[in-house]
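Student: Chain A is fixed; fit chains B and C onto it per the hints.
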Amino acid sequence: MGIISVENTDRLYWLGRYTERVYTTIKVFEARFDSMIDIDDLEYEKFCESQDIPNIYKSKEDFVARYCFSLEDENSIFSNLMRAYDNAIVLREEIGSESLSYIQLAVYAMNQAAINKSPLIGLQHVTDNIAAFWGMADDDIEESSIRNMIRVGKLVERIDLYSRLKVFPERIRKETRRLTNRIDKSTMRYDSTRMAHINYLVQLDDMPYETLTDEIEQLVGEEL
Amino acid sequence: MKKLQFGYHMKLTFSDYVKNHRFSLKCVPHDTDLQKIENLAVEVYPDNVTSEDEDSYGNITLFGYTNELHNSFGFDVNGIAVTGREEYEKADELHKIGIFKYQTPKTKPGLKTLEYYQKLDLKRFDSALDKASAIMEGLSNSFQYVQGVTNMSTTSEEALVGGSGVCQDYAHIMLSLCRMEGIPCRYVAGMMMGEGLSHAWVEIWNERKWLGFDPTNYKLVGDEYIKISNGRDSEDCLVNQGIFTGNVTQIQDINVVVEEVFDEGIVGIN
Amino acid sequence: MTTYADIFSKKERVEDMEIYAGSGAVNEQLARYGVKFGIYKNNEFKEQLFPFDMIPRIIDKDEFTYLEKGLKQRVVALNCFINDIYGDKHIVRDGIIPEEFIYAGSGYLPQCDGIKPPKGIYAHIAGIDLVQAKDGDWYVLEDNLRIPSGASYPMIARMISRRSSPDLFTGKHVEDNRNYAAMLRRTMDHVNVGGHTVILTPGRYNAAYFEHSYLAEKTGAHLASGHELIVENDHLYFIDYSGRKERVGAVYRRISDEYLDPMTFRKDSVIGIPHIFDIYRKGNVALINAPGNGVADDKGIYYFVPKMVKYYLNEEPILNNAPTYLPYYEEDMKYVLENFDKLVLKDVAEAGGYGVVFGSKMNSEEKANFKEMLKSEPRRFIAQEVIDFLDIDIMEKCELLPRKADLRAFVLMGDEPMVWKSGLTRFSRNPDSFIVNSSQGGGFKDTWVLSQ
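As you go down the protein sequences, you meet chains A, B and C in turn. Count the first sequence with our numbering and you get residues 518 to 741, in order. Count the second sequence with our numbering and you get residues 24 to 293, in order. Count the third sequence with our numbering and you get residues 248 to 699, in order.
In short, the hints are calculated from the structure, not lab data. What you are looking at is a predicted structure, and each value in this text was computed from that prediction instead of being measured. One or more of the hints may lead you astray.
Not everything, but these chain B residues come out facing chain C in the computed CB check (under 8 Å) [what the hints assert, rightly or not]:
hint: 1; residue: LYS42
hint: 2; residue: SER47
hint: 3; residue: LYS59
hint: 4; residue: TYR68
hint: 5; residue: SER74
hint: 6; residue: ASP76
hint: 7; residue: SER79
hint: 8; residue: HIS118
hint: 9; residue: GLY121
hint: 10; residue: VAL262
hint: 11; residue: GLN264
hint: 12; residue: PHE267
hint: 13; residue: VAL271
Quick partial rundown of chain C residues pointing at chain A, CB under 10 Å, derived from the structure [to be verified]:
hint: 14; residue: ARG279
hint: 15; residue: TYR280
hint: 16; residue: GLN295
hint: 17; residue: PHE297
hint: 18; residue: ILE446
hint: 19; residue: ALA454
hint: 20; residue: ALA471
hint: 21; residue: ASN586
hint: 22; residue: PHE587
Even glycine gets a Cβ: it sits at the ideal position worked out from N, Cα and C.
Next up, chain A with everything else stripped away, as it sits in the complex (with noise of 0.2 Å):
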């Protein structure tokens, strides 16, 4: 027991990072599509700016159908959460089926959601399981180090996905509090230099969003 490789914890960051992507640009969705419902249209093109990606999107039903269930678009949620799964389906001994199968419930989930007629209700259940899982990875896995090395890909992610959508830098520090508690636990091989960077730029009044998005994304993993 307690013996893992340098691959599986590779894995783990990542499935922490996957999971958390998946979570929260569908909470982002949630609220563009809102205001794309009756407000404004085009709304979608500032979300692909915020988001760094390409915009090849016809109209805003062509950007649902694919940002959110297409395979074939990278950038989709759908791809993000296979990238999860992918992830996941290699770490069963060490975060467990229990764990797992809220992963593979999103998955179905997800399927479900791209032949329904109303896409926030079928995304809710993915990110229900995601929040399943999250509280099931917390609960049932007895090994700290592992249950770490998720939340830090979690963390990392969720920072980097802020800075990006430039939201209050209240709940930048937050996130970057919970981050500094845990990277230590994790025992995983980070870049201490940054992380005494990344406290240093978020309590800067202006915060510098894009270079805590380059920070950030340095902090683990790199040299592995």
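Tutor: Relative to chain A, chains B and C alone:
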């Protein structure tokens, strides 16, 4: 009986650096009924972690690895072999060595071998010994010794179609023909008195004896030979096998020196 | 002989199972736990759900007691055989098996000659395929001693069905089959020479990856791929992310012999572990199942298994083979040629339901060609009487349909031989087919062994 001082040197030169190199070497002669190995000194370089094992054919296998970057690899094996201690090597009963009766991918006969085999008309003879002698004689008359026309992966059929090759090819063709006659036989890799490359020959099973035939030199194997390894074909006797990380070409140099020593007690090893 | 019709009330059979089948609960549960197997179609890897039919195959207590005895006897004899073949080879010396069935086949690995594996066990996990004929008699169709798979499916199916339809189990006295992981762990621990226990997988793109990861989780073994394990100083180590080396004492390898070690077997193998075979030979790691077992599960060798039971154990074989003929023997060749139409012919080199042809299904030209091939390569084929299978019902779209099915029983050789009180029942979804392999579109059922 002879006392032979031998030196077997192999060096691989890579066109660039390689790492994570894992190797298995069958380059150390083992004791048999015919030969006894003394004063053995084995060096594998660069610095390696090396273990020793004996494979299922009784051959000594050195295996190990070098993780660091290196652009050459090799070994020096030196020692004394006391040869000709018996007339022949004792063999297991037929049911235990049955595997040597069957062709391998290297010795599988094709049309050319079939034709050659029919011409030999081996049914004229009764004993395995006479058949093997006829095969050896036939080969020395019809197959040419030429270096560079065949390689490690050439099969007996391919060599026979080409009509020329080296000791490995002679041995494979002879194995193929013996097996067509149902004679159990094995491939032997070793050294012979003189200076040059390593050598290969054949042993046939006859009445619980292994009898050595050297089709390349058209002679029976005697005390000027030192056996290193034996197996179904050359694949079981690969001197050096390795895998490593690196995209390189490699050149192999082999130098074998075997000379008789007469002076009791004075043994120079370098 | 008990069928599900005897044990379930009509209401249970018709109404409850229909509700269960119609509710989508099964599919949802299968998806939830990822009960899948991988398949390659047009060179692309796809994961498919393994179709599960919830009507169980039921085996009476007495019937299973008989099977259990016979299976233990058979696998013990097979282990004696493999030890003998890589040792003194008395069975060849005594003429029970002609030498060419050993040496000319691809199953015998000369590299294994002379090896005594830890505790003398070669076949630790055996999957014995049986069929039941209409008259109730059981026949062994095949012994799988290399890397038999499938135990995880009934394990998880039992969990799913107990959750989805608990009422169906109440008062039925079914042996619990969820102890397979414990049995497997006991088997692995028995031969472990010191250190961790690892399940070696070729990776997630292997057909049985679900099973590899599920068994690792349930046994508490580590799932590893070849590059995570390394041979150093005559021992095997798992390297963890901090660079620490942890010794490994037993490897339940789910990769085949030829890919196990590029230094001994296929040189192009990238999923194996260099030099693992050398240290296994020295007794420094247990390999489960041991390399070289293919010599005993060759279709040609199958014919001789009842003879092995007599030869090694001096007992009468309890389980029968399907009536089998070896065209290698003149008498059998004559029989095969004369009774061609009622026989099924199997190519000994093929597996997974491939290379199986029915005499009756060939046209006259095919027959003539096949007979010629048989005469020129008599050792390549075995011929068997076509067994009149006992069909078992499956439910498809709320309709009961009879289908061909077999049973893969699992025999584990730990500190004592153990037979799992369950098994994988595979059925053909095509009504005209006898081929039940999952790679050819078959489905599976749970197997209930009754405890009283």
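Student: Please go over all the hints and tell whether each is borne out by the structure.
Tutor: Hints versus structure:
1. The interface hint given for B:LYS42 is violated, since its Cβ lies 14 Å from the closest Cβ of chain C, which is over the 8 Å cut-off.
2. A least Cβ separation of about 5 Å between B:SER47 and chain C falls short of the 8 Å threshold, and the interface hint therefore holds.
3. With its C-beta approaching chain C no nearer than about 22 Å, B:LYS59 sits outside the 8 Å limit, and its interface hint is violated.
4. Given hint, B:TYR68 at the interface with chain C, is violated; its Cβ is 19 Å from that chain's nearest Cβ, farther than 8 Å.
5. Taking 8 Å as the C-beta contact cut-off toward chain C, the hint placing B:SER74 at the interface holds, the least distance being around 5 Å.
6. Residue-level restraint check for B:ASP76 holds (minimum Cβ-Cβ distance to chain C is 5 Å; threshold 8 Å).
7. With 8 Å as the threshold, the beta carbon of B:SER79 comes within range of chain C, its nearest partner Cβ sitting at about 4 Å, so the hint holds.
8. Here the hint on B:HIS118 is kept, as its CB sits about 4 Å from the closest CB of chain C, short of 8 Å.
9. Taking 8 Å as the C-beta contact cut-off toward chain C, the hint placing B:GLY121 at the interface holds, the least distance being around 4 Å.
10. Nearest Cβ of chain C to the Cβ of B:VAL262: about 14 Å, over the 8 Å cut. The hint is violated.
11. With a cut of 8 Å, the hint placing B:GLN264 at the interface with chain C holds, because the nearest CB-to-CB distance is about 6 Å.
12. This hint is violated: B:PHE267 has a C-beta 10 Å from the nearest C-beta of chain C, more than the 8 Å allowed.
13. Using the Cβ-Cβ criterion of 8 Å, the hint placing B:VAL271 at the interface with chain C is not satisfied: the shortest such distance is roughly 17 Å.
14. A least Cβ separation of about 5 Å between C:ARG279 and chain A falls short of the 10 Å threshold, and the interface hint therefore holds.
15. Because the beta carbon of C:TYR280 sits about 6 Å from the nearest beta carbon in chain A, less than 10 Å, this interface hint is met.
16. Checking C:GLN295 against chain A by beta carbon gives a least distance of about 14 Å; that is not within 10 Å, so the hint is violated.
17. Given hint, C:PHE297 at the interface with chain A, is violated; its Cβ is 14 Å from that chain's nearest Cβ, farther than 10 Å.
18. Contact between C:ILE446 and chain A, as hinted, is supported at the beta carbon level, the nearest pair being about 8 Å apart and thus within 10 Å.
19. The restraint placing C:ALA454 at the interface with chain A is violated, with a minimum CB-CB distance near 14 Å, outside the 10 Å limit.
20. Among the interface hints, the one on C:ALA471 holds; its C-beta lies about 7 Å from the nearest C-beta in chain A, closer than the 10 Å criterion.
21. Of the supplied interface hints, the one on C:ASN586 is violated, with its beta-carbon coming no nearer than about 50 Å to a beta-carbon of chain A, more than 10 Å.
22. Evaluation of the C:PHE587 hint against chain A yields a violated restraint, the C-beta minimum of about 48 Å exceeding 10 Å.
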